[in-house]
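Chain residues, written in single-letter form:
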Amino acid sequence: MGALSRLGLPCLTAEAVAFLDGHGIYTVEDFLAYDLYRLGDGELQKQVIAGLLQHVAATTNCTWTDGATLFERLTTSTTLVSTGCPSIDDVIGGGLRPGTITELVGTSASGKTQLCLQAAAAAALELRASVAFIDTSNSFSAHRLAQIVTGLHGKDKFVEHKQELRNVARRVLCFKAFDIYTALRLLDDLLVHMDGAESKRGGDGNQGDFFQKLQLLILDSASAIISPVLGGAHTQGHALMVSLSGLLRQIALKHNIAVLVTNHTVSGEGGRPKPALGESWKSVPSVRLALAREDESDCCTATVTKHTIGACGESVPYVLSRDGLRAFEAEEPGATQQLEWRQE
Amino acid sequence: MDTAALPIPPSSRAKLFAAGFRRLADLRKISAVELAKESGLSQEEALHILRVVNPAGDNGAMAGAKSALQILQIEKKRRRITTCCETLDEILGGGISPQEVTEICGVPGVGKTQLGIQLAISVQRPEELGGLAGEAVYIDTEGSFMVERVLEMADAWLADVRREALSAQEPHLEASTSGLSAETVLSSIHYYRAYDYTEQLAVVNVLPQLLKQHPKIRLLIIDSVTFHFRQDFDDMALRTRVLNGMSQKLMLLAEKHDVAVVLVNQVTTKVVGQNQSKLVPALGESWSHACTNRVILFWMEGQRYGHIYKSPSLRAGTAPYFVTTEGIRATPATNKRPWQEQSASPSDLGSYRTEELGLSVAT
Amino acid sequence: MGSKEISRLNIEGLVAHRLKSRRLETAKDVLCKTELDLVELLDLPADVVAKAVAAISQNVAPTRRTVLEMYMDQQQPGDIQGGHLHTDLPKLPTNLPSLDDALRGGVPLGSITELVGPAGVGKTQLCLMLSIFATLPTDIGGLDGKCVYIDTENKFSAKRLIEIATMRLPDSFPDEQAVQHLTSRVLVLRPNSAIDLLTRLQKLEEAMIREKAKLIVLDSVAALVRSEYGHDQLQQRQDLLGRQAALLKYLAETFRIPVVVTNQVMAQMGAPSQQPNYGFVEHERKKLRPSPGYEDSTYDSSTVTAALGTKWAHAVNTRLVLERHAGQRYIRIAKSPMAPSLAFPYAIAAGGLYLSSSEVHDASAGGGTSILNEGSVTHSKPDDRFLMDVG
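Chains as they are written, first to last, in the UniProt record's numbering: chain V, 1 to 344; chain S, 1 to 363; chain D, 1 to 391.
Because the hints were derived from the structure by calculation, they are not lab data. None of the values given here were measured: they were computed from a predicted structure. Among the clues, some could well be false.
[Unchecked claim] Once the Cα atoms are required to be at most 25 angstroms apart in a straight line, the calculated BS3-like pairs of lysine-lysine come out as: (1) D:Lys4 x D:Lys155; (2) S:Lys29 x S:Lys212; (3) S:Lys249 x S:Lys216; (4) V:Lys306 x V:Lys254; (5) S:Lys249 x S:Lys29; (6) S:Lys249 x V:Lys213; (7) D:Lys4 x S:Lys249; (8) S:Lys37 x S:Lys249; (9) D:Lys203 x S:Lys249; (10) S:Lys212 x S:Lys249; (11) V:Lys274 x V:Lys306; (12) V:Lys162 x S:Lys66; (13) D:Lys4 x D:Lys20; (14) D:Lys4 x D:Lys91; (15) S:Lys249 x V:Lys162; (16) D:Lys91 x S:Lys212; (17) D:Lys20 x D:Lys51; (18) S:Lys256 x S:Lys216; (19) D:Lys155 x D:Lys203; (20) S:Lys37 x S:Lys212; (21) V:Lys162 x S:Lys216; (22) S:Lys216 x S:Lys29; (23) S:Lys76 x V:Lys254; (24) S:Lys77 x S:Lys66; (25) D:Lys51 x S:Lys256; (26) S:Lys216 x S:Lys76; (27) D:Lys159 x D:Lys203.
[Stated by the list, open to error] So these bits of chain D aren't anywhere near chain V, every CB distance computed over 10 angstroms: (28) Asn10; (29) Thr34; (30) Asp37; (31) Glu40; (32) Ser193.
[Claimed, not checked] Chain S is faced by these chain V residues, among others (derived, beta-carbon under 10 angstroms): (33) Asp30; (34) Phe140; (35) Leu173; (36) Phe210.
Every residue gets a Cβ at the ideal spot worked out from N, C-alpha and C, and that includes glycine.
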């Protein structure tokens with residue numbers, strides 16, 4: 001929104017600005033929060049109020065929709081972004097939903113990053129979408145991504161494997177951000193670029209193409225950059241977290257992108273792990289998937305602990321295999337062999 | 001983005017806010033003088049804020065981004081630091097990788113420091129032999145670093161490298177090792193001894209400068225990251241934040257200067273249920289997320305093993321290794337010391353095997 | 001170093017002023033804050049704060065040395081011949097020949113060596129021997145210095161010291177005068193509490209410079225803390241031990257001297273223990289055989305382990321275990337950066353410890369494993385429960 005003086009609206013004459021200043025109104029937000037009847041009903045006031053309200057309506061794109069339309073949109077037009085693991089897709093209602101934030105929370109070595117890589121691979125391979133991967137803990141491995149792509153790929157029997165792999169790898173962009181300021185700036189820039197790509201419709205070459213096809217944004221891990229700034233005798237850390245979640249949500253909604261973030265665990269009461277980003281972060285993701293690894297086994301479970309439009313509490317066992325996360329099937333004889341994958 | 005999230009002093013933030021600059025976009029096309037006039041900030045402060053918003057030479061979001069394809073090509077070319085133990089190298093995908101943070105944990109005496117020293121030496125492997133020809137930084141917090149042990153391992157390593165170069169029968173390979181000597185090996189290891197955690201934190205803070213001055217450094221070892229943080233630290237929440245902050249700094253260093261970061265961690269006893277306890281890596285649950293790779297060294301049946309506990313790119317794997325006079329090796333020592341009796345248990349895996357300090361035993 | 005005051009660190013201007021007014025007085029105060037904390041607290045731009053933190057760090061960080069420089073410092077001047085570096089640095093010999101060979105000359109300088117064993121096995125005897133050897137002139141393998149002997153169990157006996165000296169080294173101690181000289185060079189401290197011990201260690205630095213001591217013996221490290229701190233005070237106990245370890249290391253390295261400590265053993269209760277739970281491979285759990293001839297009824301549980309837990313064990317650089325099997329005493333290298341695990345049978349005579357034969361046992365072969373290292377098992381004893389890491 002911004003400062004009134006910088007909007008350049010015709011109704012905001014110097015006189016009008018001075019008048020609003022007198023009421024302590026400097027920004028559009030201030031204006032909207034103000035009791036407009038207290039401004040009076042002179043000619044100037046009317047003009048200003050009408051002009052500003054028009055501006056607000058024009059810039060915010062608020063249109064009414066009814067439930068039926070929303071439902072139809074939900075069921076027909078939304079392509080869900082697969083995580084690349086059908087059984088996990090099933091428990092979260094078909095896949096990652098564009099426009100929402102999905103969170104993976106789990107102990108170390110429970111497969112959070114693996115699932116992120118797999119989702120990136122699946123989106124780039126199956127949807128031919130571009131993927132932005134924001135890596136905050138040096139865990140992005142292109143080698144592993146290629147391995148997972150090959151695993152997914154094998155099923156689809158592409159002939160030109162190498163070429164396909166190159167194309168897939170080209171669609172995944174990795175950004176590094178080791179502190180929250182870098183991450184915020186990055187997300188902000190992404191948003192600006194996406195706005196640009198939208199308006200230009202495929203304007204400036206590769207870059208525009210990337211942003212137009214962007215369907216999945218991954219932040220691995222969110223907690224690694226947020227937890228160092230939380231705590232302390234100030235509230236700024238919290239403000240930064242809110243900014244981050246706001247930006248993620250904005251990107252998700254405005255451009256209909258599926259956002260996947262990870263959150264690590266810390267020991268809570270009685271030594272049991274709990275999410276590092278606690279209560280105030282809880283409202284950010286629409287879907288929260290808890291990953292847990294059983295002690296002394298290779299079998300992990302994924303449990304839906306929050307879902308705004310689907311069922312909660314469902315869980316599915318999985319194993320980390322050479323080709324990525326796979327549903328765990330105890331009776332299948334090949335299951336143990338799958339674990340024996342080797343580095344090529 | 002909100003201006004509230006900018007890294008600027010709280011007082012400047014408050015003034016911006018009061019003057020209606022709440023969105024980053026509000027600051028994009030304004031001059032410092034204008035901003036100062038409108039917000040009541042001093043011109044210097046205004047200029048500083050604008051620099052934060054639009055840093056010079058910043059190309060925005062696309063600046064640091066690489067596609068997975070580019071990264072794949074870089075990863076393929078990347079050379080790893082060998083552990084000098086083929087079995088460990090195999091599960092590590094060839095050794096310790098630059099640009100990654102690897103944690104090594106294990107019980108006392110299992111060979112954590114030995115492995116650290118071995119890496120500090122083998123990072124110097126000549127490029128002609130597929131090495132990194134790098135230097136190492138060793139940050140010692142426990143005082144377990146033994147100079148004579150380094151020399152002993154360096155001598156053995158030099159002999160190995162020379163033998164390898166010789167057997168290839170290519171003159172340029174032989175030439176590549178001619179510049180190496182015990183002196184060059186020792187002088188390529190930069191050593192810091194940190195006596196408390198303040199010093200440890202300070203060293204981590206001065207590393208960027210050191211890495212700039214010595215661009216050949218390819219390996220950074222902190223042995224151990226744990227020691228000082230396990231005492232004198234009452235405020236656990238603060239400890240977590242300080243440690244997390246440190247690990248993010250180390251990750252940035254690893255990425256920016258192409259160095260491998262190796263963190264040695266201790267183990268601690270954790271009570272599970274009644275009268276039961278288990279050994280777990282120290283520093284708690286939140287720290288376990290701080291490293292990219294975690295390698296656990298342990299004893300089983302009198303034999304040392306390394307285990308990849310977590311890694312984004314490597315499969316879980318376990319491999320045996322030996323600590324010999326020469327260093328970390330895949331086979332037990334070959335040349336016995338003179339005082340070693342030849343009769344000593346030939347059927348054993350090796351006479352240099354230490355008995356179970358480790359994790360097995362006792363039910 | 002951490003308590004270095006900001007006022008001494010050449011930080012000037014606004015930053016120094018703000019730091020002072022926010023009561024951030026030492027380097028420790030500043031470095032323990034995250035950068036964001038500092039920006040908020042000092043109300044200064046992030047880059048200004050970053051610069052100040054860098055300057056403070058630069059000041060506080062220890063100096064960098066290459067390993068070659070360290071090697072040159074540790075080597076005796078005449079020892080570097082023909083530019084060739086050789087691996088044997090000065091040591092304090094135990095004068096137990098095979099053990100010295102295995103340890104590459106003896107007890108290492110600049111680090112902590114621990115002697116672990118049950119009561120009466122000869123730990124104190126070995127300490128007395130080492131004290132004597134440290135006072136000997138360098139040409140016969142000594143360190144030619146005084147010895148600080150910290151006796152927490154009131155077990156130091158001057159009479160026994162003299163006996164060992166005269167019986168073992170009649171040539172070096174031919175007369176009363178030589179013996180007197182010896183006794184005057186072994187300085188005995190008797191701290192009466194764990195806190196007292198810690199304070200004395202803190203002040204030892206000055207005494208070390210003044211007395212030119214070349215050896216510190218702490219016999220034993222466990223007695224005071226174990227008697228004073230009950231199971232409900234494990235956290236405090238671990239803190240205290242940690243600080244003690246840090247101080248001992250500091251003294252060892254600063255003065256390049258050996259530090260020898262003794263440690264007790266404790267019985268392990270027979271509750272079932274587990275493999276450390278890292279979530280991998282099913283281990284075959286190995287039962288420790290009760291050693292049939294084990295004499296001491298106090299340890300009939302058959303599993304004894306070094307006291308004080310894992311945290312302390314991490315602090316020890318070299319660990320020698322003294323133990324008895326079937327009437328025979330063994331000294332075993334349980335942890336060493338240099339030596340393999342070997343066990344040597346020994347006996348105690350008037351002149352102290354003597355190796356019984358040239359026999360060397362590969363300690364990995366079985367037999368000699370009744371005293372476990374602390375990390376070996378998961379303890380059921382509350383003695384070792386400490387430190388729940390809070391995330």
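Do the hints match the structure? See the list:
1. D:Lys4 x D:Lys155: violated (40 angstroms)
2. S:Lys29 x S:Lys212: violated (35 angstroms)
3. S:Lys249 x S:Lys216: holds (20 angstroms)
4. V:Lys306 x V:Lys254: Holds: Lys306 (chain V) and Lys254 (chain V) sit about 23 angstroms apart, inside 25 angstroms.
5. S:Lys249 x S:Lys29: violated (33 angstroms)
6. S:Lys249 x V:Lys213: violated (33 angstroms)
7. D:Lys4 x S:Lys249: With Cα atoms ~23 angstroms apart, Lys4 (chain D) and Lys249 (chain S) stay inside 25 angstroms; holds.
8. S:Lys37 x S:Lys249: It is violated: about 37 angstroms lies between the C-alpha atoms, which goes past 25 angstroms.
9. D:Lys203 x S:Lys249: Measuring from Cα to Cα gives roughly 36 angstroms; hence the hint is violated.
10. S:Lys212 x S:Lys249: holds (15 angstroms)
11. V:Lys274 x V:Lys306: holds (14 angstroms)
12. V:Lys162 x S:Lys66: holds (19 angstroms)
13. D:Lys4 x D:Lys20: Measuring from Cα to Cα gives roughly 14 angstroms; hence the hint holds.
14. D:Lys4 x D:Lys91: Not satisfied, since the Cα-Cα distance of roughly 34 angstroms exceeds 25 angstroms.
15. S:Lys249 x V:Lys162: violated (37 angstroms)
16. D:Lys91 x S:Lys212: violated (38 angstroms)
17. D:Lys20 x D:Lys51: Holds: Lys20 (chain D) and Lys51 (chain D) sit about 17 angstroms apart, inside 25 angstroms.
18. S:Lys256 x S:Lys216: Given pair Lys256 (chain S), Lys216 (chain S) holds - Cα atoms ~13 angstroms apart, limit 25 angstroms.
19. D:Lys155 x D:Lys203: holds (23 angstroms)
20. S:Lys37 x S:Lys212: Between Lys37 (chain S) and Lys212 (chain S) the Cα gap is close to 40 angstroms, so the pair fails against 25 angstroms, i.e. violated.
21. V:Lys162 x S:Lys216: violated (35 angstroms)
22. S:Lys216 x S:Lys29: violated (42 angstroms)
23. S:Lys76 x V:Lys254: Distance ~37 angstroms between Lys76 (chain S) and Lys254 (chain V) Cα, so the pair is violated.
24. S:Lys77 x S:Lys66: The given pair, whose Cα atoms are some 15 angstroms apart, holds under the 25 angstroms limit.
25. D:Lys51 x S:Lys256: Roughly 19 angstroms separates the two Cα atoms, so the pair holds.
26. S:Lys216 x S:Lys76: holds (20 angstroms)
27. D:Lys159 x D:Lys203: At roughly 28 angstroms apart (the allowed maximum being 25 angstroms), Lys203 (chain D) and Lys159 (chain D) break the hint.
28. Asn10: holds (27 angstroms)
29. Thr34: violated (6 angstroms)
30. Asp37: violated (4 angstroms)
31. Glu40: violated (4 angstroms)
32. Ser193: The claim stands: Ser193 (chain D) keeps its Cβ more than 10 angstroms from every Cβ of chain V (closest is about 33 angstroms).
33. Asp30: OK, holds: Asp30 (chain V) within 10 angstroms of chain S, min 7 angstroms.
34. Phe140: This interface hint holds because 7 angstroms falls under the 10 angstroms limit.
35. Leu173: With a closest approach of 5 angstroms, the Leu173 (chain V) hint holds.
36. Phe210: holds (9 angstroms)
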